[in-house]
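Undergrad: Between the sequences and the hints, there should be enough to build the whole structure, so can you do that?
The lines below spell out each chain.
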Amino acid sequence: MRSALFKNCFVVSLMLVLVAPAQAKGDDFNSVVKMIEQFYHVKHESIPFLARAGMKAATTAAKLKGGTARRIAEAGSVKLAVFENQSFEYDGEVTQFRNSLNAALNDTWTPFVQYLAPIDKEQSYIFLRAAGDKFNVLLVTIESKEATVIQITVSPANLALLLKDPEGMSKAITDEATINDQE
Amino acid sequence: MKLLITKSKSVLMTIACISAMYVSAYAQSPRIQLTSIEHLSAKASQTVDVNIDERLIQITAKFLTDPDDAEVRKLVNNLKGIYVKSFEFETDNVYSTADVEAIRSQLRGPSWSRLLNVDSKKEGQIEVYVMLEGEKIGGLAVLSAEPREFTIVNIVGPVDLEKLASLEGQFGIPDLGIQSPKSNKKKNEDQ
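Going down the list, the sequences are from chains A and B.
For the first sequence, numbering that gives the first Met the number 0 gives the first residue as 0, with consecutive numbering after it.
For the second sequence, numbering that gives the first Met the number 0 gives the first residue as 0, with consecutive numbering after it.
Since the hints were made in silico from the structure, they are not lab data.
Mixed in with the good hints, there may be bad ones.
[Stated by the list, open to error] Listed next, the in silico DSS-like pairs over lysine-lysine satisfying Cα-Cα at most 30 Å (straight line):
#1 A:Lys-120 / A:Lys-78
#2 A:Lys-120 / A:Lys-42
#3 B:Lys-135 / B:Lys-162
#4 A:Lys-170 / B:Lys-162
#5 B:Lys-73 / B:Lys-135
#6 A:Lys-33 / A:Lys-78
#7 B:Lys-73 / A:Lys-133
#8 B:Lys-42 / A:Lys-144
#9 A:Lys-42 / A:Lys-170
#10 A:Lys-133 / A:Lys-33
#11 B:Lys-42 / A:Lys-170
#12 B:Lys-162 / B:Lys-61
#13 B:Lys-135 / B:Lys-61
#14 A:Lys-170 / B:Lys-79
#15 A:Lys-42 / A:Lys-78
#16 A:Lys-133 / B:Lys-61
#17 A:Lys-133 / B:Lys-79
#18 B:Lys-135 / A:Lys-170
#19 A:Lys-120 / A:Lys-170
#20 A:Lys-170 / A:Lys-78
#21 A:Lys-144 / A:Lys-42
#22 B:Lys-162 / B:Lys-79
#23 A:Lys-170 / B:Lys-61
#24 A:Lys-33 / B:Lys-42
#25 B:Lys-42 / A:Lys-120
#26 A:Lys-170 / A:Lys-33
#27 A:Lys-170 / A:Lys-144
#28 B:Lys-79 / B:Lys-61
#29 B:Lys-42 / A:Lys-42
#30 B:Lys-79 / B:Lys-135
#31 A:Lys-33 / A:Lys-120
#32 B:Lys-61 / A:Lys-78
#33 B:Lys-73 / B:Lys-61
#34 A:Lys-78 / A:Lys-133
#35 B:Lys-162 / B:Lys-73
Predicted, not measured: the structure shown is a model, and the values here were computed from it.
TA: Here is the structure:
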């Protein structure tokens, strides 16, 4: 009887161990959005509201480049959450959010670039992980009044461009995510 | 009881030996540990952290197909990692000598050599170290300590020093104004 109980407990524990990381991996985008909401006491907004503003910016950007902006994200892979006109003030140490974010993601994601500028009230994070023969890019940007969480899938060629020029490409990803997701 | 004490001593000796071996191996690694200066993020007005491991570098080397990137591709091809940590401060002397020493002490191992003939166009102290593996360069560390900036660039793997400057401004590596040993030598000859 005791042996059977022990055996059942072992099987349940084993299942939990095997299932938990898979669930965490699949739902990291939502976890990060929730983490921002809880940490800063803010709420993310509906996308259509943002899309109108994004569309205008994108058209201008494309015109400036002299043509259509290049597509970075794989089709249908864009996940986007936006926080607008909310306060991202935090009284504690500036590194506290970064530490929480790293603790939540470091098992499955590689932190590529992390940028903190507390005086300018800016934080940017780029995390990467393999997704078959492609890669997931998770981009978190927090400013004093707004924040964006973007997850996209990119080809290795576009990942190489992101590695070479993290600043330029992360801006391009943000532009694209706030435009093409609504097309 | 005597046997227990003897056994404990031998266990402690074994642990000490393993620890010494570990520390020795760790000290010889071309990868510099930067966790000791992590606390500076809380005092800095800007912190930049870049981590590119070998797998990501291989992707870069394989998929950067633009002809303009040929030199960069060649340069990063055999690298095993690029790590950057940079702090900017609002006032002077926010970081301490101990913070700089925490990095420098890792570069005092027998495999590391300080390159004296590489200097910076900018003001401030820039030290460039290379780790030699036989006759080849196995890693590089750039330590830039200015009154309001503290930057460490650590490149793991064989680096071509002549082309090092072409990596500046890319892969999150800041523009430190590093001149190659050759151009530096030429400059000295011209003067």
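Undergrad: The structure should be examined with respect to each hint, and the outcome stated for every one.
TA: Going through the hints against the structure:
no.: 1; hint: A:Lys-120 / A:Lys-78; verdict: 24 Å, holds
no.: 2; hint: A:Lys-120 / A:Lys-42; verdict: 18 Å, holds
no.: 3; hint: B:Lys-135 / B:Lys-162; verdict: 15 Å, holds
no.: 4; hint: A:Lys-170 / B:Lys-162; verdict: 28 Å, holds
no.: 5; hint: B:Lys-73 / B:Lys-135; verdict: 16 Å, holds
no.: 6; hint: A:Lys-33 / A:Lys-78; verdict: 14 Å, holds
no.: 7; hint: B:Lys-73 / A:Lys-133; verdict: 23 Å, holds
no.: 8; hint: B:Lys-42 / A:Lys-144; verdict: 22 Å, holds
no.: 9; hint: A:Lys-42 / A:Lys-170; verdict: 23 Å, holds
no.: 10; hint: A:Lys-133 / A:Lys-33; verdict: 26 Å, holds
no.: 11; hint: B:Lys-42 / A:Lys-170; verdict: 27 Å, holds
no.: 12; hint: B:Lys-162 / B:Lys-61; verdict: 19 Å, holds
no.: 13; hint: B:Lys-135 / B:Lys-61; verdict: 23 Å, holds
no.: 14; hint: A:Lys-170 / B:Lys-79; verdict: 27 Å, holds
no.: 15; hint: A:Lys-42 / A:Lys-78; verdict: 16 Å, holds
no.: 16; hint: A:Lys-133 / B:Lys-61; verdict: 14 Å, holds
no.: 17; hint: A:Lys-133 / B:Lys-79; verdict: 21 Å, holds
no.: 18; hint: B:Lys-135 / A:Lys-170; verdict: 38 Å, violated
no.: 19; hint: A:Lys-120 / A:Lys-170; verdict: 18 Å, holds
no.: 20; hint: A:Lys-170 / A:Lys-78; verdict: 16 Å, holds
no.: 21; hint: A:Lys-144 / A:Lys-42; verdict: 12 Å, holds
no.: 22; hint: B:Lys-162 / B:Lys-79; verdict: 17 Å, holds
no.: 23; hint: A:Lys-170 / B:Lys-61; verdict: 23 Å, holds
no.: 24; hint: A:Lys-33 / B:Lys-42; verdict: 27 Å, holds
no.: 25; hint: B:Lys-42 / A:Lys-120; verdict: 14 Å, holds
no.: 26; hint: A:Lys-170 / A:Lys-33; verdict: 23 Å, holds
no.: 27; hint: A:Lys-170 / A:Lys-144; verdict: 18 Å, holds
no.: 28; hint: B:Lys-79 / B:Lys-61; verdict: 14 Å, holds
no.: 29; hint: B:Lys-42 / A:Lys-42; verdict: 29 Å, holds
no.: 30; hint: B:Lys-79 / B:Lys-135; verdict: 14 Å, holds
no.: 31; hint: A:Lys-33 / A:Lys-120; verdict: 20 Å, holds
no.: 32; hint: B:Lys-61 / A:Lys-78; verdict: 27 Å, holds
no.: 33; hint: B:Lys-73 / B:Lys-61; verdict: 10 Å, holds
no.: 34; hint: A:Lys-78 / A:Lys-133; verdict: 16 Å, holds
no.: 35; hint: B:Lys-162 / B:Lys-73; verdict: 10 Å, holds
Taken one by one, the earlier hints fail for this structure only at number 18.
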